[in-house]
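K.L.:
Using the sequences and the hints, build the whole thing.
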Amino acid sequence: MEGSLNVIGYGISVIGAGIGVGIVFGLGMQAIARQPEARGPLQTNIYIGFALIEALALLGFVLAFAI
Amino acid sequence: MSADTLNLAAEGGGGLFTPGGPGFEAPSVGIFFPSPWSWGDYSEALPYTSGITKYVILLLVATSLVVFFLWWTSRKLSVVPDRRQSILELVVLFVRDQISRPMIGVKGDKYLPLLVSLFLFIFAMNVMGIIPFLQLPVTSNLSYPAGLALVIYITFITVGIRSQGFTHYFKGAVVPSGAPGWILPLLVPIEILSNFIIRPATHAIRLFATMFAGHLLLATFAAGGWYMFNPAAGPLYGTISVLFSGSALLAFIIFTAFELVIMFLQAFVFTLLAALYIGQAQEAH
Amino acid sequence: MLGLAAEENVLRIHIDELVFGLIAFAVIFALVYRYAVPRVTKMLDERADSIEGGIERAKKAEAEAEELRQQFKEKLEEAHRSYAAELQKASEQSAAIIAEAREEAQAEARRIIEAAHAQIEADRQQAMEQLRAEIGALSAELAARIVGETLADSAAQSRVIDRFLAELESGSTQQAEVR
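Residue numbers (full-length UniProt numbering), protein chains in the order written: chain A, 1 to 67; chain B, 1 to 285; chain C, 1 to 179.
These are computed hints drawn from the structure, not numbers from a lab.
Keep in mind that the hints are not guaranteed to be accurate.
To be verified - Straight-line distance between alpha carbons at most 27 Å, and here's what the computed BS3-like set of lysine-lysine pairs gives:
| # | chain 1 | residue 1 | chain 2 | residue 2 |
| --- | --- | --- | --- | --- |
| 1 | B | Lys-76 | C | Lys-42 |
| 2 | C | Lys-42 | B | Lys-110 |
| 3 | B | Lys-76 | B | Lys-110 |
| 4 | B | Lys-171 | B | Lys-107 |
| 5 | C | Lys-75 | C | Lys-59 |
| 6 | C | Lys-42 | B | Lys-107 |
| 7 | B | Lys-171 | B | Lys-110 |
| 8 | C | Lys-89 | C | Lys-73 |
| 9 | C | Lys-60 | C | Lys-73 |
P.N.:
Here it is in structure tokens:
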């Protein structure tokens, strides 16, 4: 059995990002459901939050290959 | 898949159920390091260069694609739009109403050309990843997102200095308002790090990493499907292997469609964050 | 591996690729900045203008059409009114003509009848005059005859009367013929 320990580290790093992305979209949907007229700004903010959190997971992914 | 990936996949092709055959070798990050063509190989002579590689050619293709798109859609503009013109208007209005206006406001319309070209350029470079025979997203090479992030970095700092003044802008960006004085020695380095170092770095790496990961995923599906395709292994094993590789093909197609969505989303997010940074720099904190 | 360079760190930034990317972006940005977006923006403004102008024009045309419709309606009503008036006038006229004609005809008829009556009356008068004169003469003659001839017997008497009557008869026929 061979492989890279880095990938396991990536898997661990993704857990946090996954939880974060789930929270962002879940609460975003809830907010849109409560205030459908605020959909535009909410959606934009959801995607910003998603992108910021996703960056952490991607950093983990890239560092798994880079280091 | 790209020729390189096909070569890579061919090494393991038909390996399943072949006694003593080659083991499966997943595509490595090597697919992101195409070697330069011999006529354009100056990478040995100059440090930190790659030579004329597939990335440069695909960059050229993507750029000419965008230039052609712009020329073709804005050739004859009229008040009553035809189909070509509607596409361009769709793009411009999408960038204006979804990115520029919510982030910068109406006065951000002067950054519309920057954002539109950013969006089109990134999307074209991303889409290179799913065009048959090209199939390598240009943005999966960090050099290109880094260049664009650098442009945005310089832009938002310039905008901040010009609209707020040098000291006011840097003070606003570095010193959080309302923080007690004793914590500032701790906060200021963090703010500097996050606003002026991590921000452009993640801006570039986000785009790069998504494309990198997506392409690696597709390459893995293709290589695995090719590895498992072994109808010569006898009636039973042959059928099983064909079924396996068929499902891999199906997944490959589905993930290709998914990749298209991701490509669009990443171009959108990159442009959105660029607009966000510019908007933050423009307004006083 | 075939056709692959020696592996580097994936987080590499090659200066030449970065410069190529910047040049490509500069080309696209120049095109968008000088050519595409200003034209599209200008065209969108024009369209907004023309739509607003179109709405105004449509409103104006609508008002005009309304005015025209009102005019037509008035004209139509006027035509209806004048038609009705004409009709009434004509019917009155025709009634008058009929009444006049009837009156005339009645008058004529009356006149004719009156004339006839007058004629008849005149004739009667004349006949009466004549008859009176003749009856007088006849009575005188009869009386003379009765008195002149001695009436011996009743036979002779009746003969005389018969003769007289016969004469009278023939005379009256003669007289009638004369008349």
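K.L.:
Each hint should be assessed against the structure and marked as holding or not.
P.N.:
Checked hints:
1. B:Lys-76 x C:Lys-42: 13 Å, holds
2. C:Lys-42 x B:Lys-110: Cα-Cα ~13 Å, so holds.
3. B:Lys-76 x B:Lys-110: Judged against 27 Å, a Cα distance of about 23 Å means the pair holds.
4. B:Lys-171 x B:Lys-107: Holds - the C-alpha atoms of B:Lys-107 and B:Lys-171 are around 23 Å apart, at most 27 Å.
5. C:Lys-75 x C:Lys-59: 24 Å, holds
6. C:Lys-42 x B:Lys-107: 16 Å, holds
7. B:Lys-171 x B:Lys-110: The hint holds at about 26 Å.
8. C:Lys-89 x C:Lys-73: Between C:Lys-89 and C:Lys-73 the Cα gap is close to 24 Å, so the pair holds against 27 Å.
9. C:Lys-60 x C:Lys-73: 20 Å, holds
In summary, the structure agrees with every hint in the numbered list given earlier.
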